[in-house]
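Protein chains in written order, with the working numbering: chain U, 1 to 230; chain G, 1 to 230.
No lab work stands behind these hints: they were computed from the structure. Please note that the accuracy of each hint is not assured.
In the DSS-like style, the derived pairs of lysine-lysine whose C-alpha atoms are separated by at most 30 Å in a straight line are [unchecked claim]:
(1) U:K179 x U:K154
(2) G:K179 x U:K230
(3) G:K154 x G:K143
(4) U:K154 x G:K28
(5) U:K154 x U:K199
(6) G:K230 x G:K161
(7) G:K230 x G:K28
(8) U:K161 x G:K143
(9) G:K161 x U:K154
(10) U:K161 x G:K154
(11) G:K28 x G:K154
(12) U:K118 x G:K179
(13) U:K143 x G:K28
(14) G:K199 x G:K118
(15) U:K143 x G:K179
(16) G:K143 x G:K161
(17) U:K143 x G:K199
(18) U:K230 x U:K65
(19) G:K28 x G:K161
(20) U:K65 x G:K161
(21) U:K179 x U:K143
(22) G:K143 x U:K154
(23) G:K143 x G:K179
(24) G:K28 x U:K65
(25) G:K143 x G:K230
(26) U:K161 x G:K179
(27) U:K230 x U:K143
(28) U:K161 x U:K230
Number of protein chains: 2
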Amino acid sequence: MENNSSSRPAIILLSGGLDSITVLALAKQQGFACYALSFDYGQRHNAELDASRRIARHYQVADHKIINLGLSAIGGSALTDARIDVPTSPQAGIPVTYVPARNTIFLAFALGWAEVVKAHDVFIGVNAVDYSGYPDCRPEFIKAFQDMANLGTKAGVEGHKIQIHTPLIALSKAEIIQKGLELGVDYADTVSCYSADIKGRACGVCDACRLRAAGFQNLGVADPTHYRPK
Amino acid sequence: MENNSSSRPAIILLSGGLDSITVLALAKQQGFACYALSFDYGQRHNAELDASRRIARHYQVADHKIINLGLSAIGGSALTDARIDVPTSPQAGIPVTYVPARNTIFLAFALGWAEVVKAHDVFIGVNAVDYSGYPDCRPEFIKAFQDMANLGTKAGVEGHKIQIHTPLIALSKAEIIQKGLELGVDYADTVSCYSADIKGRACGVCDACRLRAAGFQNLGVADPTHYRPK
């Protein structure tokens, strides 16, 4: 586990969940100076922002910004609209927890910050589990975003190639956890649950909880998630 | 000047300036039900948001949202960072008034709202004057954004073609004004100045003011801009 000693800046989208902490650990291992970016978008699971702060501190990132977004003004998702319930069983098609254009919006901000800190690398933890349901997690979307980024930014115009890194894109939840454990990630620190309580304790029944629990189970390692009493 | 009677919804990016009011008037003329979208991004020229409210009311849009963005957290532009002065004479290259990834961010939000109101059309007032300086106003950027939008959204995945309309893209400022006047646009209602005062009165010397004034002058019509006393 060598560090290469470059300290090129990179923007890391950090939700405070299992995937993004693994991505941060990977980028750090690759020697990037990590600029962590989180969003307060009126999501119900605000405990994940506390997790993002703890994680950013733990990994001694170069900077951590939490951008306040008015996504609830737009609504249209169980995560941003209190009138839509978070489902507790699997659903067909694009789930109601899909936040319209969320990754486009998140990556757009990452791009803006990248321009300011002169980073040409952006990391996002999209993966095989996500893109079964969310269109903005698919490899072809990421590729199209990267093409657009290279046309729409000062850096791109000046000939620097902007790269959107998706190191988890081909991995299952169990494989992500395995990689993270190899890197020394402490998953007790992370919050994945769509309905976590104020202490960050998980419900155990939402999509995010079920995928996460299955990941630990498939890997055969102990699940460090803090669940709330039933 | 016929209306076609479709009332398909469209998202219109409405800054409150000369270009975006013209775009709104055009979309309205084409029979779209217009959803106007503005942003409070810590820009110095907040008077433009007041203008956007007046314009939205005047054109009886279906809805008008002003999204609060934390762009000043990112900085990097004379428009969002108080430590960078707004220039009062022309500059070479990409100007310091360029806001990193601004149109990517604005269009990303437009896309999110489009998904919620089931719109497949988004209008933005980028034009030939802008894209001399701003990379995210160029036709090839818009095309790349549209491709990305069709891969990263529920609508795109379900086979609806999302279209980013740029009706001003080939027009000079004078041509835009001419088109707007034909549509009955009242440009006195708009604010373009990067340093407008609280009453929306223009400085007359910033890039935006100079381009606007030259537009009226080239067209040979009276400039209705409210300038503040020198």
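Verification of the supplied hints:
no., hint, verdict
1, U:K179 x U:K154, "35 Å, violated"
2, G:K179 x U:K230, "64 Å, violated"
3, G:K154 x G:K143, "19 Å, holds"
4, U:K154 x G:K28, "33 Å, violated"
5, U:K154 x U:K199, "42 Å, violated"
6, G:K230 x G:K161, "50 Å, violated"
7, G:K230 x G:K28, "37 Å, violated"
8, U:K161 x G:K143, "19 Å, holds"
9, G:K161 x U:K154, "29 Å, holds"
10, U:K161 x G:K154, "29 Å, holds"
11, G:K28 x G:K154, "26 Å, holds"
12, U:K118 x G:K179, "40 Å, violated"
13, U:K143 x G:K28, "34 Å, violated"
14, G:K199 x G:K118, "36 Å, violated"
15, U:K143 x G:K179, "37 Å, violated"
16, G:K143 x G:K161, "13 Å, holds"
17, U:K143 x G:K199, "45 Å, violated"
18, U:K230 x U:K65, "34 Å, violated"
19, G:K28 x G:K161, "20 Å, holds"
20, U:K65 x G:K161, "35 Å, violated"
21, U:K179 x U:K143, "24 Å, holds"
22, G:K143 x U:K154, "17 Å, holds"
23, G:K143 x G:K179, "24 Å, holds"
24, G:K28 x U:K65, "39 Å, violated"
25, G:K143 x G:K230, "42 Å, violated"
26, U:K161 x G:K179, "39 Å, violated"
27, U:K230 x U:K143, "42 Å, violated"
28, U:K161 x U:K230, "50 Å, violated"
Comparing the model with each numbered hint stated earlier shows that hints 1, 2, 4, 5, 6, 7, 12, 13, 14, 15, 17, 18, 20, 24, 25, 26, 27, 28 do not hold.
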